[in-house]
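Asker: For the protein sequence lines, the chains are A and B, in the order given.
According to numbering that gives the first Met the number 0, the first sequence is numbered sequentially starting from 0.
According to numbering that gives the first Met the number 0, the second sequence is numbered sequentially starting from 0.
Hints listed in this document are in silico derivations from the structure and should not be mistaken for laboratory results.
Glycine residues also receive a C-beta, built at the ideal position from the N, C-alpha and C atoms.
A few of these clues could be false.
In silico contact screen, one side only, chain A against chain B (beta carbon under 10 angstroms); selected entries [stated by the list, open to error]: (1) 87; (2) 88; (3) 91; (4) 102; (5) 108; (6) 152; (7) 204.
Ranges between beta-carbon positions, derived for each pair [to be verified]: (8) 123(B) <-> 173(A): 36 to 46 angstroms; (9) 60(B) <-> 180(A): 29 to 39 angstroms; (10) 43(B) <-> 45(A): 36 to 46 angstroms; (11) 106(B) <-> 170(A): 52 to 62 angstroms; (12) 109(B) <-> 42(A): 42 to 52 angstroms.
Here are a few chain A residues that face chain B, going by a calculated C-beta distance under 8 angstroms [said to hold, decoys possible]: (13) 0; (14) 38; (15) 96; (16) 101; (17) 105; (18) 111; (19) 122; (20) 123; (21) 144; (22) 217.
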Amino acid sequence: MQRIPELFARMTGDEKHEWAAASTIDVLWVLYDRVLNVSPATVDDPGRDRFLLSKGHGPMAYYAVLAEKGFIDESALDGWTSWDSPLGQHPDRVLVNGVEISSGSLGHGLPIAVGTAIGQRVAGSAGRTFVLVGDGELDEGSNHEAIAVAARRGVGNLTAIVIDNESAWYGWPGGVQERFAVEGWAATTVDGRDHEAIFAALTARYDRPNVVVARTGKSS
Amino acid sequence: MTMREAFIKTVNQALHTDPRVAVVTAVISAVNFPQDHERVVDVGIREQAMVGVAGGLALTGLRPVVHSYAPFLVERPYEQIKLDIGHQDVGAVFVSIGASYDDPVWGRTHQSPGDVALFDTLPGWEVHVPGHPEEVTPLLEEALKKDNRVYLRLSLRENAQAYPVGEGFTALRHGKRGVVLAVGPMLDRVLKAVEAENADVTVLYAATVRPFDSDGLRKAVEDTDHADVLVVEPYLEGTSSHLVSETLQQIPHRVRSTGVKRHAELRNYGTAEDHDAAHDLDVVGLGSTVRSFFRG
Numbered sequence: 000m001q002r003i004p005e006l007f008a009r010m011t012g013d014e015k016h017e018w019a020a021a022s023t024i025d026v027l028w029v030l031y032d033r034v035l036n037v038s039p040a041t042v043d044d045p046g047r048d049r050f051l052l053s054k055g056h057g058p059m060a061y062y063a064v065l066a067e068k069g070f071i072d073e074s075a076l077d078g079w080t081s082w083d084s085p086l087g088q089h090p091d092r093v094l095v096n097g098v099e100i101s102s103g104s105l106g107h108g109l110p111i112a113v114g115t116a117i118g119q120r121v122a123g124s125a126g127r128t129f130v131l132v133g134d135g136e137l138d139e140g141s142n143h144e145a146i147a148v149a150a151r152r153g154v155g156n157l158t159a160i161v162i163d164n165e166s167a168w169y170g171w172p173g174g175v176q177e178r179f180a181v182e183g184w185a186a187t188t189v190d191g192r193d194h195e196a197i198f199a200a201l202t203a204r205y206d207r208p209n210v211v212v213a214r215t216g217k218s219s
Numbered sequence: 000m001t002m003r004e005a006f007i008k009t010v011n012q013a014l015h016t017d018p019r020v021a022v023v024t025a026v027i028s029a030v031n032f033p034q035d036h037e038r039v040v041d042v043g044i045r046e047q048a049m050v051g052v053a054g055g056l057a058l059t060g061l062r063p064v065v066h067s068y069a070p071f072l073v074e075r076p077y078e079q080i081k082l083d084i085g086h087q088d089v090g091a092v093f094v095s096i097g098a099s100y101d102d103p104v105w106g107r108t109h110q111s112p113g114d115v116a117l118f119d120t121l122p123g124w125e126v127h128v129p130g131h132p133e134e135v136t137p138l139l140e141e142a143l144k145k146d147n148r149v150y151l152r153l154s155l156r157e158n159a160q161a162y163p164v165g166e167g168f169t170a171l172r173h174g175k176r177g178v179v180l181a182v183g184p185m186l187d188r189v190l191k192a193v194e195a196e197n198a199d200v201t202v203l204y205a206a207t208v209r210p211f212d213s214d215g216l217r218k219a220v221e222d223t224d225h226a227d228v229l230v231v232e233p234y235l236e237g238t239s240s241h242l243v244s245e246t247l248q249q250i251p252h253r254v255r256s257t258g259v260k261r262h263a264e265l266r267n268y269g270t271a272e273d274h275d276a277a278h279d280l281d282v283v284g285l286g287s288t289v290r291s292f293f294r295g
């Protein structure tokens, strides 16, 4: 984790989304350091865990963690967004090793994650699907289609992580956690900077989909 | 048997024989697939989720068949098609019913004349427009074997008989004055119009429009005395014009495209035949087009 801020800082030019990227940094680190069963050697293994970054804007933290964990060469960070670079301001799964989905338009990752989780179950895989969305992203209606579908189908190998930096325009009665819980998801809210709390919430096992709301505070 | 029934039968058989095949629906036609099957997912009335889930299934190696009424399959979740299928670089088989205006009593909300044009904005899609129920099964079986992106456009409108399908246009009539390209269910009306006008033209039949059979069209044009091509499509007029022009770019040629007119939104209900007449896609209207375009 110590090198992540340094790696992060090598990508300049997207200051608009810097706070968005910074809000994901602790969750991403805990995921790749202690939770996900995937490595640079197993990115094509059907039994791997899949992490889908739905909140594709501000991917600097994501790239920094991928570099630190050896999925991509850290030298690629310096030239990001240039013509020849595979690293853009929204990640592309065809260009970047270890990236599971191309993202950037909000509201796509969670429905896709429902599909990958069902597909893993069909294949008899022990792999799980983790998807990271923003609380502002949850304004998109497609998420709520997927929240209901995942609950009704009991997709227990799916974990959604909501980075709650208080960006949702109107919010939901009872907050983000309640929006999932009312549909039948297991739901926990944690401090988005507390690595132990994040780890405990992400590794809890349920027979239904799980959401972890990671609160990071406004504009952080 | 209708095209829709042929589709349902073929996919149900494939569910039993091919472990890659999955079905994703949004209520429409869901009752026709086994809901307790682990590879059958009905998401409810949630078309965006339908396409997103299909993209996820494809990412895990399955071959999703995605199905709904045309406007809800193609227009409503268009961005999901672009991003969750195309941009993820995965494949799926999209199968629609309803076509341009199969049930016009339901009004504009249930019409989708622009579906093929929308797919044309995205790279890598095969597009099949069968003209008879017996053409559906071979097209679908072939699509299920592959990994690519396929759109199969089913309709209640059909020709009296089936023709062999596969990539490439089929010449059903030969003439010297020019070429008429008839797509899917337009064929019978085109043949009747050509006969009625006693037009000395070649008629090509297309159940597969993407990839576009440029070689087949070029050869048919070379065998005529005039490089004049009339394209008759059951969806938005001009959808394939650019491909005809590209095909014939090396020779002076004339192109006339007919289909569902673009100039105004038709707010009438009525029957599909009423709409054919309004768009000059009935035998009378097509006859008039044949007469004026191939005059002289």
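Asker: Please go over all the hints and tell whether each is borne out by the structure.
Answerer: Cross-check of the supplied hints:
no.: 1; hint: 87; result: violated, 12 angstroms
no.: 2; hint: 88; result: violated, 15 angstroms
no.: 3; hint: 91; result: holds, 8 angstroms
no.: 4; hint: 102; result: holds, 8 angstroms
no.: 5; hint: 108; result: holds, 8 angstroms
no.: 6; hint: 152; result: holds, 7 angstroms
no.: 7; hint: 204; result: violated, 21 angstroms
no.: 8; hint: 123(B) <-> 173(A): 36 to 46 angstroms; result: holds, 44 angstroms
no.: 9; hint: 60(B) <-> 180(A): 29 to 39 angstroms; result: holds, 32 angstroms
no.: 10; hint: 43(B) <-> 45(A): 36 to 46 angstroms; result: violated, 29 angstroms
no.: 11; hint: 106(B) <-> 170(A): 52 to 62 angstroms; result: violated, 37 angstroms
no.: 12; hint: 109(B) <-> 42(A): 42 to 52 angstroms; result: holds, 44 angstroms
no.: 13; hint: 0; result: violated, 29 angstroms
no.: 14; hint: 38; result: violated, 19 angstroms
no.: 15; hint: 96; result: violated, 14 angstroms
no.: 16; hint: 101; result: holds, 5 angstroms
no.: 17; hint: 105; result: violated, 11 angstroms
no.: 18; hint: 111; result: holds, 4 angstroms
no.: 19; hint: 122; result: holds, 6 angstroms
no.: 20; hint: 123; result: violated, 10 angstroms
no.: 21; hint: 144; result: holds, 4 angstroms
no.: 22; hint: 217; result: violated, 29 angstroms
In this structure, the earlier hints numbered 1, 2, 7, 10, 11, 13, 14, 15, 17, 20 and 22 are contradicted, and the remaining ones agree with it.
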